[in-house]
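With chain A fixed as given, assemble chain B onto it according to the hints.
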Amino acid sequence: MTRLTLEAIDRDEALLEAVAELHGTTRAGFLRTAALGSAAMLSTLMAPPAATAKVTDVAILNFGLRFERLQATFYTQADELGTIARMSDAKQQWARTLGAHERAHVRIIKQVLGPKAGRRPSFDFGEDNATDAAFTRTAVAMEDLTVALLTGIVPEVQDRRLTAALLGLLTVEARHAAWARHIVGSTPAPAAFDEPMTLAAVRGAVARTRFIVRQPKMTAHRRPRFTG
Amino acid sequence: MRPVAALGLTLLGAVAAVTAAAATVDSTGTVAPVAVGALPLPPTPAFTPGTPRPLGSVRHLSHWAPVRRATIARSAPDDAAPAVAALATTTPEGTRNAVAVLAVRQDGHGATWLHVRLPVLPNGATGWVRRRALGGLETVDTRLEVDLARLRLTLYREGRAVLRAPVGVGRDSRPTPRGEFYIRNQLTRYRSAAYGPVAFGTSARSSTATGWPAGGFVGIHGTDRSDLVPGRVSHGCIRMRNPDVVELAKRLPVGTPLTIH
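Taken in order, these protein sequences are the chains called A and B.
Each residue of the first sequence is one higher than the one before, counting from 20 in this note's numbering.
Each residue of the second sequence is one higher than the one before, counting from 26 in this note's numbering.
Please note that the accuracy of each hint is not assured.
Unchecked claim - Partial list, derived from the structure: chain A residues whose beta carbon lies under 7 Å from chain B:
id, residue
1, Q96
2, E99
3, S141
4, K236
The hints are simulated quantities; they were obtained by calculation from the structure and are not laboratory data.
Even for Gly, the Cβ is constructed at its ideal location relative to N, Cα and C.
If we strip away everything but chain A, and leave its shape as in the complex, we get (with noise of 0.2 Å):
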C-alpha cells in the first residue's frame, strides 16, 4: 500500500511553510516524507518547538509581502487584461487606485526587506479578475480580508518603528475595505469592532482561495530535440 505523506496532500506546501515557520526548516524537511499518523511524525510534531520558533520581524513582513504581491497582482492582471476598462467610472477610479496603493506596497516592503524579500510566488486567478461581477467580489473580500491580517500581525512585530508604519498600512487598506464596501452598495462599517485574524487563519484562508500556486516547470535538463 502506498503510504500517504504530508507531501502528498500539501500540495502548494502551504502547511510544510507553516511548519518551517513554527519549528524551522529541518523539522519541515524531515516531516516532508513522514508517513501521516507515523509515530516519528508525531513526536516530532509534540515536541516542543525550537528556541528560535518565535515568529521574526523578517517572516512577519514576508508573508505581508507575499499577500501584498497577491493583491498587486490581482489588480493589474485585470487592469491589462481590460476587465477595469470595462466598468464604469467610478469602479475604474477604484480598481485602479487600488492597485497602484498594493503595487506602492509591495515596493515598499521589499525595499525593507531588502536581499531577504521572499522570491515572488505564482499566482492563478482563474476567471475571478476575468469579469466585472468576479473581480468586484474577490477585491471586497480580499480587502476585508487584509485588514483583519494586519490587525492580527501588527501586535506581534517587535520593532516599534515597523509596528508604527504598518499601522499606516492597515489604516489604508481599512480605506480600501471601506471604499470596496461602497462600491457594492454594502456597509462601509459593518461592525464597531474589526476581529483580528492570526497569521495561521490567513494563511488558511489565502490557501483556501488556491491564488497561489506551484511555479510551472518550464526548464528542464533534456537533450534538445529541435531541428538543429
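Just chain B now, with coordinates in the frame of chain A:
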C-alpha cells in the same frame, strides 16, 4: 469573555491610562492638563510610502499561460465551434506546455475564453480555449526578433534593444519559418555539444522537417560550430554563438513573443 468585549475593555483601559498620564490633580482637586510637549514622541516610522504610481503603458507587455488541463482549442469562443488543435499539458521536452495569450472574452453563458497562439502547424495558428484549462497568467515585457535577411537576433525589453547577436538560420531546403511565435521552454545542462550550453524551445515548427523527432520544433540554441554563424546553415533552428546564447539566457523569460521575418 468574547473577544470583542475584551477588546472594548482594553480600549477603555487605554483611554483611562492616557487621561491619567496627561493630567495632574492639585490639592483643591482641580485637574491641570499637562503640556502636550511633555509627552513622549511617537516612534519614527521605518519607512514612508511614496505617492502610488498608476499602471504604466501596457504597450510592451505580453501574457502567456501554462496549459493546466489537456484541452481543445476552437475557432471561436464557443464549445460548439470547430476544433483547431488539441493542446497537451506537457511538451516533448517534459516541460509544462504553454500558450501566448492574445485576448479575453466571455461567452453567452458567462464562461471566460482566452484567444491564444498555438504551437501547431500551420504556423501562426490561433484558437480559443476555456480559461479554466489554463493556469495563472504570466506577464513579460520582452520581445525577440529574428531578421532572416540580416541574420541578426535582437532582444527588446520595454521596447528598447538590450541584446543584438548574429545568428545561423535554415538553409534554403530547410527554411526557418517566418511569423509570430513565442518562447515555450528552456533547456540547460544537457549533453550535446551540437546544441551548445542553452537551448530555447519555440512554438515555431518547420514545415519541411515534419518527420523530425518530437515534431520538428524550431529551437534557439548554441552550437559547436560558431565559425558557421552568421550563415544559412541549419535545418530550421536559430543557432547562436555560445557566449551570445548564454547572454540571451540571462535576459530571455519563457513566454516572450518571437517575431521571425
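Here's how the hints hold up against the structure:
For A/Q96, the suggested interface contact is upheld, since its CB lies about 6 Å from the closest CB of chain B, less than 7 Å. Annotation: A/E99 was flagged as interfacial toward chain B, and the flag holds, the nearest CB pair being 5 Å apart, inside 7 Å. With 7 Å as the threshold, the beta carbon of A/S141 comes within range of chain B, its nearest partner Cβ sitting at about 5 Å, so the hint holds. Look at A/K236: its Cβ gets to within about 5 Å of chain B, closer than 7 Å, so that hint holds up.
Violated hints for the displayed structure: none, as all numbered hints are satisfied.
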